[in-house]
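Based on the sequences and whatever the hints tell you, model everything.
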Amino acid sequence: MIEKLINEYSQQAYEFAVHLCGSAEEAKELMQESFFRLIRHWDQYDASQPLENYFMTVMRNLYYDGIKKWDRGFISLETPVAGEDEGSVLADALADEDAEDLQTALERREVSETVRSVLEELAPEYKAVLIMSDMQGLGYNEIASVLDCSLGTVRSRLWRARNAFKKKMRKHLYYLRVE
Amino acid sequence: MNGLFFLLAAAALAALEPQPLDVLRKSLEPSVASYDGRMILETFPQTGAAAKQMRVRFLNPGHYRRELLDASGKPLQIIVSDGKSEWVYDKTQNKVWQGQAPDGDYKQFGWEQEYDLLTANYDVRMASSPPVARRRAWALELLSRRDGKIQRRIWVDKKNGLILQSRIFQSDGRLVSTARFASIQFPKKQDPALFRFEPPEGATVVKRLEPDYLALDQAKSASGLEPKLPLWLPSGYVFESLNVLAQGGKKVIHYRFSDGINVLSLFQCPARTRLNFGAKASRRFRLASGPATLAWTSEGHVLGWSSQGSKFVLISPLDSSTLRHVAESLP
Amino acid sequence: MECRELKELLSAYADGQASSEEQVLLLAHLEGCPACRRELKLFQTMKTALRRVCSPAVPADLRAALLAQAARRRSKPTPWLKRAPVGVGFSLAFAAAVLAIGVEQFESRQADSISVDAMLAAHNEYALTMPLCPQELVLSDLSMRLR
Numbered sequence: 001m002i003e004k005l006i007n008e009y010s011q012q013a014y015e016f017a018v019h020l021c022g023s024a025e026e027a028k029e030l031m032q033e034s035f036f037r038l039i040r041h042w043d044q045y046d047a048s049q050p051l052e053n054y055f056m057t058v059m060r061n062l063y064y065d066g067i068k069k070w071d072r073g074f075i076s077l078e079t080p081v082a083g084e085d086e087g088s089v090l091a092d093a094l095a096d097e098d099a100e101d102l103q104t105a106l107e108r109r110e111v112s113e114t115v116r117s118v119l120e121e122l123a124p125e126y127k128a129v130l131i132m133s134d135m136q137g138l139g140y141n142e143i144a145s146v147l148d149c150s151l152g153t154v155r156s157r158l159w160r161a162r163n164a165f166k167k168k169m170r171k172h173l174y175y176l177r178v179e
Numbered sequence: 180m181n182g183l184f185f186l187l188a189a190a191a192l193a194a195l196e197p198q199p200l201d202v203l204r205k206s207l208e209p210s211v212a213s214y215d216g217r218m219i220l221e222t223f224p225q226t227g228a229a230a231k232q233m234r235v236r237f238l239n240p241g242h243y244r245r246e247l248l249d250a251s252g253k254p255l256q257i258i259v260s261d262g263k264s265e266w267v268y269d270k271t272q273n274k275v276w277q278g279q280a281p282d283g284d285y286k287q288f289g290w291e292q293e294y295d296l297l298t299a300n301y302d303v304r305m306a307s308s309p310p311v312a313r314r315r316a317w318a319l320e321l322l323s324r325r326d327g328k329i330q331r332r333i334w335v336d337k338k339n340g341l342i343l344q345s346r347i348f349q350s351d352g353r354l355v356s357t358a359r360f361a362s363i364q365f366p367k368k369q370d371p372a373l374f375r376f377e378p379p380e381g382a383t384v385v386k387r388l389e390p391d392y393l394a395l396d397q398a399k400s401a402s403g404l405e406p407k408l409p410l411w412l413p414s415g416y417v418f419e420s421l422n423v424l425a426q427g428g429k430k431v432i433h434y435r436f437s438d439g440i441n442v443l444s445l446f447q448c449p450a451r452t453r454l455n456f457g458a459k460a461s462r463r464f465r466l467a468s469g470p471a472t473l474a475w476t477s478e479g480h481v482l483g484w485s486s487q488g489s490k491f492v493l494i495s496p497l498d499s500s501t502l503r504h505v506a507e508s509l510p
Numbered sequence: 511m512e513c514r515e516l517k518e519l520l521s522a523y524a525d526g527q528a529s530s531e532e533q534v535l536l537l538a539h540l541e542g543c544p545a546c547r548r549e550l551k552l553f554q555t556m557k558t559a560l561r562r563v564c565s566p567a568v569p570a571d572l573r574a575a576l577l578a579q580a581a582r583r584r585s586k587p588t589p590w591l592k593r594a595p596v597g598v599g600f601s602l603a604f605a606a607a608v609l610a611i612g613v614e615q616f617e618s619r620q621a622d623s624i625s626v627d628a629m630l631a632a633h634n635e636y637a638l639t640m641p642l643c644p645q646e647l648v649l650s651d652l653s654m655r656l657r
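Residue numbers (this note's numbering), protein chains in the order written: chain L, 1 to 179; chain U, 180 to 510; chain P, 511 to 657.
Honestly, the hints are just simulated from the structure, not real lab data.
Do not take every clue at face value.
What the hints assert, rightly or not - Here are the simulated lysine-lysine pairs, BS3-like style, with alpha carbons at most 27 angstroms apart:
(1) U/Lys274 with U/Lys231
(2) P/Lys551 with L/Lys171
(3) U/Lys490 with L/Lys167
(4) P/Lys551 with L/Lys168
(5) L/Lys171 with U/Lys367
(6) L/Lys4 with P/Lys551
(7) U/Lys490 with U/Lys399
(8) U/Lys270 with U/Lys459
Unchecked claim - A short list of chain L residues far from chain P (calculated; beta carbon distances all over 10 angstroms):
(9) Tyr14
(10) Glu26
(11) Ser48
(12) Gln49
(13) Pro50
(14) Leu51
(15) Glu52
(16) Glu107
(17) Ser145
(18) Leu173
(19) Leu176
Said to hold, decoys possible - Label-pair ranges, simulated between beta-carbon atoms:
(20) P/Ser530 with U/Leu200: 50 to 58 angstroms
(21) P/Ala575 with L/Ser117: 27 to 35 angstroms
(22) U/Ser251 with P/Pro544: 30 to 38 angstroms
(23) L/Glu8 with P/Ser530: 45 to 53 angstroms
(24) L/Glu107 with U/Leu200: 40 to 48 angstroms
(25) U/Arg463 with L/Arg40: 52 to 60 angstroms
(26) L/Ser23 with U/Asp201: 35 to 43 angstroms
(27) U/Leu207 with L/Arg116: 43 to 51 angstroms
Computed from a predicted structure; not experimentally measured.
All C-beta atoms in this analysis are idealised placements derived from N, C-alpha and C, irrespective of residue type, glycine included.
Right, dumping it as structure tokens:
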């Protein structure tokens, strides 16, 4: 079973690791350490969860634990499915040239480096969902399985991740434009 | 012939001077200029207190070093960021708080939303201005649409959009505080070591928890409390996001309301908690719901009160009667 | 439906995860809202841009190392350590929170007492994210509150 994990799913897991850590070296370390943990605490694996998802869960937890740069104190973000009214709200109706800029910039092929730097700046929770959803093409169910949360949480976290990504990207583009 | 000339000249002049909203947008954009300057920070009225001085260095992107100086120019507190981590060092206590600088990119509100809110609540006008710190600047005035009174005056560097001076006014028109550059340079290079921080020998290092920006429907699951929001808010204020603080083993909800410039904070504490005002000068009175305490700090008024067993606190630069109105509108 | 409430739905729609009822609602709104149409397009472009970031292949030596590790496990049984998994999100945050607020700093002698200074610090931290915030002024207040 574990050999199957390595042979069939190590690519997916490795991609996840690389994008999370931002470097091949660290990704390698993360993979090995996570694998070690997986084996060591094998009794904690609940077979109702696909092994490849569980392995990614282990990796993600280890990544969070090991973050030396900063700690993000996100308290449990579990969202009930039915949203409540958020109070008075302003509609975004501004004709936004900045959004046009961002749209155009993202469509250019050479944007990968900027995208990578922006991803680096995101909080681990947001980084993880964006990697799984957009870079690895995992569906909400799989993501929910890895993160051990509800579908509603995945949805809301992805939206917040994209919101933050958009804002940071805008800043990066501004710096690039002027320099 | 003369008439046409003047018309053209006037048109040309008008074209040179930008629109106030354009200047505002320029000032809101992230700073690209790296700079090194000295700032003077004053809060009024402060009986007998001297203005604070700060040495400020900023290196693109996101690196800064701010030193609060004592009378002789030596640093009392140092705040350093390398773009990722922020350290706040207090020399007198030899204590360091380490965490991440508050990051507006995680707010529920987008940039456009905040800008819309600001322009909906404030009228932006251009005023003439002498140079600030020897730099040519536009002066912008932000007037509340509610009562036409001036709330902010900001001086924006004509070349790079940096805010060189800010004046903040109270709702009664009184000047509350000023922050300005006394001098500023734009060096081509700055030593990157200035933007790294190593805690000195024997310093206590405390981890600072980074705030979150949760939506209202996440309040209950994040705090275990039943959210209670005021039914009345001062005109122009909307709910933006909330955070849950852990204090002495208890969870406190911090609701943040904003009008685009100012913040109104409401804290909801669980039942059977005491509010510790510390040594602040305060006075006690009663609201319909129970006993209340009002204090004045540099952040504005602090109003604490009891309602149905829970304790609430409001923090805002608004006047005390407005805060009372908010407090009394809590169901 | 308000644009703001729809944003999350736009994101889900871009992922193909909106229910059929939600899709009907969304498409009706999009017809009359260019801002939301732009936002949807932006989300879709972001997804594509992220997808384009190339993913490297697993290095052969890593795969070999993992297989070797698996083989070793089968040959030499290790005592399974009974350890409760750390629920990262919540408990880590809670522990960090207690540490961060500096229990010895903000907790008064009396139990169940909550410090107004901590609230002022939180207020300042949020104020720093506001447009036109005089950062240095607020930071000088914040460092005073953190004491």
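Going down the list of hints, with the structure as the test:
Restraint check for U/Lys274 and U/Lys231: satisfied, since their Cα atoms lie roughly 20 angstroms apart, inside the 27 angstroms limit. This hinted pair checks out: P/Lys551 and L/Lys171 have alpha carbons roughly 19 angstroms apart, not beyond 27 angstroms. Taking the CA atoms of U/Lys490 and L/Lys167, the gap is about 36 angstroms. The hint is violated against a cut of 27 angstroms. For the suggested pair P/Lys551 and L/Lys168, the alpha carbons sit about 18 angstroms apart, so the restraint of at most 27 angstroms is met.
With a C-alpha separation of about 21 angstroms, the suggested pairing of L/Lys171 with U/Lys367 holds against the 27 angstroms cut-off. Between L/Lys4 and P/Lys551, the direct Cα distance comes to roughly 39 angstroms. Violation of the 27 angstroms bound is thereby established for this hinted pair. With a CA separation close to 17 angstroms, the supplied pair U/Lys490 and U/Lys399 stays within the 27 angstroms bound. Under the criterion of a C-alpha separation no larger than 27 angstroms, the hint pairing U/Lys270 with U/Lys459 is consistent with the structure, at around 23 angstroms.
Non-interface call for L/Tyr14 relative to chain P: violated, since the shortest CB-CB distance, roughly 4 angstroms, does not exceed 10 angstroms. With a least CB separation of 12 angstroms from chain P, L/Glu26 remains clear of the 10 angstroms interface cut-off, as annotated. At roughly 15 angstroms, the least C-beta separation between L/Ser48 and chain P is larger than 10 angstroms, which holds for a residue marked as non-interface. Once the 10 angstroms rule is applied to beta carbons, L/Gln49 is consistent with being away from chain P; the minimum gap is 13 angstroms.
With a minimum CB-CB distance of about 17 angstroms to chain P, L/Pro50 clears the 10 angstroms threshold, and the non-interface call stands. For L/Leu51, the requirement that its beta carbon stay farther than 10 angstroms from each beta carbon of chain P is met, with the minimum near 12 angstroms. With a cut of 10 angstroms on Cβ distances, L/Glu52 stays outside the contact zone with chain P, its closest approach being about 13 angstroms. Residue-level check failed: L/Glu107 sits 6 angstroms from the nearest beta carbon of chain P, not beyond 10 angstroms.
For L/Ser145, the condition that its CB be more than 10 angstroms from all CB atoms of chain P holds, with the nearest at approximately 15 angstroms. At the 10 angstroms boundary, the C-beta of L/Leu173 stays outside the reach of chain P, the nearest C-beta of that chain being 12 angstroms off. No Cβ of chain P approaches the Cβ of L/Leu176 within 10 angstroms, the least distance being about 15 angstroms, so the stated non-interface status holds. About 42 angstroms separates the C-beta atoms of P/Ser530 and U/Leu200, a value inconsistent with the hinted range of 50 to 58 angstroms.
Remark: the range hint 27 to 35 angstroms for P/Ala575 to L/Ser117 is upheld by a beta-carbon distance near 30 angstroms. Range check, U/Ser251 to P/Pro544: Cβ separation about 59 angstroms, and the 30 to 38 angstroms hint is violated. A hinted range of 45 to 53 angstroms for the beta carbons of L/Glu8 and P/Ser530 is inconsistent with their spacing of about 34 angstroms. With their beta carbons about 28 angstroms apart, L/Glu107 and U/Leu200 fall outside the hinted range of 40 to 48 angstroms.
A C-beta distance of roughly 59 angstroms is found between U/Arg463 and L/Arg40, which places it inside the suggested range of 52 to 60 angstroms. Checked against the given bound of 35 to 43 angstroms, the beta carbons of L/Ser23 and U/Asp201, roughly 42 angstroms apart, stay inside it. The hinted range of 43 to 51 angstroms is not satisfied by U/Leu207 and L/Arg116, whose Cβ atoms lie roughly 27 angstroms apart.
In this structure, the earlier hints numbered 3, 6, 9, 16, 20, 22, 23, 24, 27 are contradicted, and the remaining ones agree with it.
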